[in-house]
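There are 2 protein chains.
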Amino acid sequence: MSNGVVNGTTNGHTNGTTNGTANGTAGPQYVQATNPHLKTQAEDFLYHFGISKTSGDIKSFKDIKIVCCGGSAGRFEMYAKQFGKDSGIPVSKNLSSSDRFVMYKTGPVLWVNHGMGVPSMSIMLNEVIKLLHYAEASDVSFIRIGTSGGVGVAPGTVVVSNGTLNGLFEEKHTQYIRRQVVKRDAVLDQSLAKELYDTGLRLGIPVENGMTLCADDFYEGQMRLDGAFCEYTAEDKFEFLKLLKEHGVRNIEMEATGFASFTKRANVKAGIICVALLNRLNGDQVTIPHDDYIKFEFRPFNIVCAFIQAKIASL
Amino acid sequence: MSNGVVNGTTNGHTNGTTNGTANGTAGPQYVQATNPHLKTQAEDFLYHFGISKTSGDIKSFKDIKIVCCGGSAGRFEMYAKQFGKDSGIPVSKNLSSSDRFVMYKTGPVLWVNHGMGVPSMSIMLNEVIKLLHYAEASDVSFIRIGTSGGVGVAPGTVVVSNGTLNGLFEEKHTQYIRRQVVKRDAVLDQSLAKELYDTGLRLGIPVENGMTLCADDFYEGQMRLDGAFCEYTAEDKFEFLKLLKEHGVRNIEMEATGFASFTKRANVKAGIICVALLNRLNGDQVTIPHDDYIKFEFRPFNIVCAFIQAKIASL
Numbered sequence: 083m084s085n086g087v088v089n090g091t092t093n094g095h096t097n098g099t100t101n102g103t104a105n106g107t108a109g110p111q112y113v114q115a116t117n118p119h120l121k122t123q124a125e126d127f128l129y130h131f132g133i134s135k136t137s138g139d140i141k142s143f144k145d146i147k148i149v150c151c152g153g154s155a156g157r158f159e160m161y162a163k164q165f166g167k168d169s170g171i172p173v174s175k176n177l178s179s180s181d182r183f184v185m186y187k188t189g190p191v192l193w194v195n196h197g198m199g200v201p202s203m204s205i206m207l208n209e210v211i212k213l214l215h216y217a218e219a220s221d222v223s224f225i226r227i228g229t230s231g232g233v234g235v236a237p238g239t240v241v242v243s244n245g246t247l248n249g250l251f252e253e254k255h256t257q258y259i260r261r262q263v264v265k266r267d268a269v270l271d272q273s274l275a276k277e278l279y280d281t282g283l284r285l286g287i288p289v290e291n292g293m294t295l296c297a298d299d300f301y302e303g304q305m306r307l308d309g310a311f312c313e314y315t316a317e318d319k320f321e322f323l324k325l326l327k328e329h330g331v332r333n334i335e336m337e338a339t340g341f342a343s344f345t346k347r348a349n350v351k352a353g354i355i356c357v358a359l360l361n362r363l364n365g366d367q368v369t370i371p372h373d374d375y376i377k378f379e380f381r382p383f384n385i386v387c388a389f390i391q392a393k394i395a396s397l
Numbered sequence: 083m084s085n086g087v088v089n090g091t092t093n094g095h096t097n098g099t100t101n102g103t104a105n106g107t108a109g110p111q112y113v114q115a116t117n118p119h120l121k122t123q124a125e126d127f128l129y130h131f132g133i134s135k136t137s138g139d140i141k142s143f144k145d146i147k148i149v150c151c152g153g154s155a156g157r158f159e160m161y162a163k164q165f166g167k168d169s170g171i172p173v174s175k176n177l178s179s180s181d182r183f184v185m186y187k188t189g190p191v192l193w194v195n196h197g198m199g200v201p202s203m204s205i206m207l208n209e210v211i212k213l214l215h216y217a218e219a220s221d222v223s224f225i226r227i228g229t230s231g232g233v234g235v236a237p238g239t240v241v242v243s244n245g246t247l248n249g250l251f252e253e254k255h256t257q258y259i260r261r262q263v264v265k266r267d268a269v270l271d272q273s274l275a276k277e278l279y280d281t282g283l284r285l286g287i288p289v290e291n292g293m294t295l296c297a298d299d300f301y302e303g304q305m306r307l308d309g310a311f312c313e314y315t316a317e318d319k320f321e322f323l324k325l326l327k328e329h330g331v332r333n334i335e336m337e338a339t340g341f342a343s344f345t346k347r348a349n350v351k352a353g354i355i356c357v358a359l360l361n362r363l364n365g366d367q368v369t370i371p372h373d374d375y376i377k378f379e380f381r382p383f384n385i386v387c388a389f390i391q392a393k394i395a396s397l
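These protein sequence lines map, in sequence, to chains G and L.
Just so we're aligned: 278 in our numbering is position 196 of the first sequence, and the numbers increase by one with no gaps anywhere.
Just so we're aligned: 229 in our numbering is position 147 of the second sequence, and the numbers increase by one with no gaps anywhere.
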């Protein structure tokens, strides 16, 4: 073991459930938990949800087709209940028995929060991917519905990500495994991005396509001037935001590269749709009035709901 | 701007409140938010707590001497209320009006949760450091009370960290700022570690000193064999754990290097005290009975409470 950078395999299908059929036609695309050790484990306790693999309920997740996720627990409870009300589909109780995350099920849709930042989200993704793998769910899309800082877009604009960049402007997610740096591809499904974007246009919601910068913190990583610490100037900040624009970046959040990487490894489609709460070119503080905040945080949800209703109608 | 690694300054005191006195004797040590731009901002809205700098209440935090923090919101609500009950000091309502974090005040002690992972925690630290800076709090210690995976220690053992390592086994916290890698020192206060350790001994609680590995995820970064993905063998895992032991590591969690780095920059003492929920040499799953879990999660809390009571008595 020595320090160094290695390129991770992005999807090792050899150990997962076989997808497709022998004659080459496309069969169901199963959610892949490719870890070969899972096959030798009689039990698997999904610790951060308090759900056991051997509980009788695990197969009740087999019908899941869409996983909607985002940072805030309160918001995802609200989204799940609103979706249940609008669609007439019953909402489950909170299926997570840990206080780390919440999880609600409305028919084929799962609503889960993931906290803030890639490390927290990676725990949710690992455990939900295992859950859906054990349940033998297939043809699943994961959609991250979040808030973000806009880069040259007006507050309230919904940004549908067509790609992700890390803090070094690479389309990569970085992990530290076995004392080594492992970099994995962090790309998103373009067809899903187009569907979400087109749905936004159809609903008349202000929507843009763009790259998303994934920062590891809210302040220095996003070159805000209002954190506890700041060793750069206002000019440095604007130079950075200008460079982001030149790279096609339209918004900044804290999960995109990890989300793209983990979902690709799991053989699921992934989309990221975030509303911009501010235009970083005009400031760093989130100061929109509460009514606007509520209106804005429902915009990506409304797009995703319309997208889901169309999917459900076609099932 | 180009890619590269730069060494960050760990404590730029030039812009903060001056500590000490002109004749060299030690004065109050103020909490430092060294960002020079803060002085030019009439307002500062601590977004993830919903607290405004200009609200009348900000000075009510001036008396804070100890900030206790950890991942789970529910646990920190429970800790705050238990401390209030045991000490007879009234507990505030939840002072955070956002659902991202909770915050309770009991006299000179603040109880705040930080979610999982460094990015989430960094948001809490930035905003609580600014809060205490605006409040002109002084001589403050931050103590992280958490759960962890033990390395060669029995479940239930409390590990008081005497240092932190990142995934490359460096005593550094890595940030990505302005498209560059910035590495900062991530060291802890040895006197505080000793006080916490001695308090544990005095209470007859099983306690050890050791280094703490800070991983960026719960599964691959900690070389668990039970994540959704795993590209290493059981032998690789044990080789890694053995190497950790050789480096003096006694437990693994997901916040240590960031906690050490941000607190050092803020000119506050920092301690990390975590109970080990399992011995990773014996397995990866957290399967302790619920009663043991409750008993174990109170052990570091009980040590910190005894430590706080002694501090309060000396105020």
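Heads up, a few of these hints could be off.
Given that identical chains are not distinguished, each listed pair holds provided it fits within a single copy or across any two copies.
Claimed, not checked - Only pairs whose alpha carbons sit at most 30 Å apart, straight line, appear in this in silico BS3-like list of lysine-lysine:
#1 Lys377 to Lys175
#2 Lys327 to Lys265
#3 Lys319 to Lys121
#4 Lys319 to Lys135
#5 Lys135 to Lys276
#6 Lys319 to Lys147
#7 Lys265 to Lys319
#8 Lys324 to Lys141
#9 Lys121 to Lys324
#10 Lys319 to Lys144
The set of hints was computed from the structure by calculation and includes no laboratory data.
Here's how the hints hold up against the structure:
no.: 1; hint: Lys377 to Lys175; result: both (26 Å within a copy, 28 Å between copies)
no.: 2; hint: Lys327 to Lys265; result: both (24 Å within a copy, 26 Å between copies)
no.: 3; hint: Lys319 to Lys121; result: between (49 Å within a copy, 18 Å between copies)
no.: 4; hint: Lys319 to Lys135; result: between (48 Å within a copy, 23 Å between copies)
no.: 5; hint: Lys135 to Lys276; result: neither (35 Å within a copy, 42 Å between copies)
no.: 6; hint: Lys319 to Lys147; result: neither (41 Å within a copy, 34 Å between copies)
no.: 7; hint: Lys265 to Lys319; result: both (27 Å within a copy, 20 Å between copies)
no.: 8; hint: Lys324 to Lys141; result: neither (49 Å within a copy, 38 Å between copies)
no.: 9; hint: Lys121 to Lys324; result: between (49 Å within a copy, 25 Å between copies)
no.: 10; hint: Lys319 to Lys144; result: neither (47 Å within a copy, 32 Å between copies)
Of the hints listed earlier, those the structure fails to meet are numbers 5, 6, 8, 10, in rising order.
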